[in-house]
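Colleague: Below are the chains, spelled out letter by letter.
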Amino acid sequence: MIKDRFFRAPIVAISALILAGATQVMGEDVTSLEGFQSMPLVYPKFMVDNLWVLIAAALVFVMHLGFATLETGLTRQKNTVNILFKNVFIVSVGIITYALTGFNTMYPGDFNGFISILGPIGFDDDVANLTSNYANYTYWTDFIFQAMFAATAATIVSGAVAERVKLASFMVYATILVAFFYPIAGSWKWGGGWLDGMGFYDFAGSSVVHAFGGFSALAAVLVLGARKGKYLPNGQIRPILGHSMPLAAMGVFLLWLGWFGFNGGSVLSADPAAVSLVFVTTSLAAAAGALSSIFTSMIYLKKPDISMALNGILAGLVGITAGADTVTWVGAILIGAIAGAIVVFAIVLIDRIRIDDPVGAISVHGICGVWGTIAVGIFSTNPEHSLVTQILGTLSYAAFAFVASLILALLIKSTLGIRVTEQEEDEGLDVAEHGQPAYADFQHITN
Amino acid sequence: MYKIEAYLRPASLEKVQEALAGIGIAGLSVLEVRGFGRQRGHREVYRGAEYSVDFVPKIKVEVAVKEADKQPAIDAIVEASKTGQTGDGKVLVSAITEAVRVRTGETGDSAL
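Protein sequence lines correspond, in order, to chains A and B.
Residue numbers for the first sequence follow the numbering used here, beginning at 7 and rising by one.
Residue numbers for the second sequence follow the numbering used here, beginning at 134 and rising by one.
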């Protein structure tokens with residue numbers, strides 16, 4: 007211990023000097039790119055902050071792989087190519103449309119607070135956009151981090167409509183959702199719009215991303231209808247089993263990993279206190295969600311269902327997303343545990359009222375997104391967060407996503423058609439839509 | 134000559150193979166099959182909803198034996214695969230009218 011202290015003393019002294027120096031230099035004005043880069047302490051801090059947000063963007067990208075394998079695992083093998091195809095399309099179209107309109111529409115600067123559809127990314131002034139004059143990171147970092155978020159909203163829908171949606175129709179739906187609906191709704195909070203002005207809080211998107219995606223999925227599923235053979239005429243519910251629990255489990259672990267970027271990057275700097283707290287609250291909520299859904303399904307369903315345990319992890323993650331930086335570690339466990347129980351009941355209830363959601367996206371993202379946002383009003387350590395504003399905010403997102411998506415889905419249904427034919431559904435979308443089975447050379451008999 | 138077709142639990146394959154080898158039966162075929170018997174499958178729960186597994190995974194062991202080996206082979210299979218629970222399976226025996234060894238052209242018992 008003595009030896010330890012002996013070595014630490016100079017380090018503490020140097021750190022104190024560096025901190026004092028940093029605050030001193032922080033005050034200096036940045037007037038040129040070269041001048042900024044030569045500032046001894048401000049520039050390294052900027053580099054670290056910027057690098058962390060970039061790494062976080064890469065982690066959020068990994069979530070798309072997680073969604074792809076989760077959705078694949080929880081559906082039948084005859085629709086695997088179709089699910090993978092949709093996921094490839096969504097992430098690609100999401101990033102392109104975010105560059106063309108999404109980013110500026112979501113962050114329009116001064117606007118009416120509700121809607122301002124703007125054009126492509128880009129800038130003239132390097133000093134204003136590539137230095138600390140912009141933020142703790144550059145304009146490009148800001149764009150790519152937000153672009154990775156944008157596509158997740160459409161990916162949520164992809165799982166819910168799986169196994170019966172027409173490919174071309176889904177491509178149109180996802181493009182409009184991610185190019186216009188998501189950035190417009192996002193501007194209300196993160197773009198400084200009307201909900202932000204009311205003091206509504208959504209740290210990393212329980213409402214902006216997840217409730218939005220979940221309620222868009224609900225609208226799409228209502229227009230689309232259930233998979234053939236899911237609800238029998240005599241009122242019986244026939245479960246349609248997912249074909250690969252290993253893929254589903256891999257997907258959920260990848261999503262947990264990606265969430266370190268989703269929430270951790272949303273600190274928007276590498277601030278040690280905030281980022282480390284967010285890592286802890288994020289993981290505690292995920293773990294509590296898993297345990298709570300495991301015990302809920304063992305007691306209520308009399309079965310330790312792996313797909314429910316996996317949904318429990320996601321429920322905890324979605325739940326903590328709104329308040330990851332503003333709740334205590336105990337609050338995080340409670341938020342996750344409640345989300346894990348909610349998700350089991352929600353999945354069973356939604357199935358009983360004959361809404362067919364193969365992966366549980368409406369429950370995991372929609373219901374738990376709403377819960378997580380409301381939970382900020384209950385568990386936040388910041389007295390300025392109000393329960394009423396949180397409820398109003400999350401219901402606004404759910405309602406907008408539902409109504410806008412319902413209109414879009416009905417329009418698509420009446421023009422392009424939204425469902426494949428019964429014959430194509432029986433045959434599987436892989437062969438019917440893509441002419442290509444996912445597992446060539448394997449024959450599989452299904453019940 | 135007789136063909137013995139035994140529909141059994143997949144887990145009993147190894148014991149059946151050993152038991153047949155133990156009485157000198159050389160050569161058998163095994164197929165993965167699905168089916169149901171008197172109890173008509175069973176019920177499971179997936180994501181909170183019950184469903185019935187109508188076709189239960191089974192294996193089908195096929196072995197061709199000489200007249201003298203027929204009863205010992207049947208006894209060996211039954212003994213090796215019996216658990217006493219429903220779903221143990223069935224053994225079906227039928228007569229073979231001809232057998233040919235492809236490589237040598239031998240026929241009858243010596244082809245087995």
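Just so you know, not all the hints are guaranteed correct.
If the Cβ cut is set under 8 angstroms, some of the chain A residues that face chain B in the computed set are [stated by the list, open to error]:
| id | residue |
| --- | --- |
| 1 | 241 |
| 2 | 243 |
| 3 | 247 |
| 4 | 431 |
Worth flagging that the hints you see were computed from the coordinates, not collected in a lab.
Glycine included, each C-beta is placed from N, C-alpha and C at the ideal position.
Colleague: The structure should be examined with respect to each hint, and the outcome stated for every one.
Modeller: Here is how each hint holds up against the structure:
1. Given hint, residue 241 of chain A at the interface with chain B, is violated; its Cβ is 12 angstroms from that chain's nearest Cβ, farther than 8 angstroms.
2. Of the supplied interface hints, the one on residue 243 of chain A holds, with its beta-carbon coming within about 5 angstroms of a beta-carbon of chain B, less than 8 angstroms.
3. Checking residue 247 of chain A against chain B by beta carbon gives a least distance of about 5 angstroms; that is within 8 angstroms, so the hint holds.
4. For residue 431 of chain A, the interface hint is violated, the least distance from its beta-carbon to any beta-carbon of chain B being 19 angstroms, above 8 angstroms.
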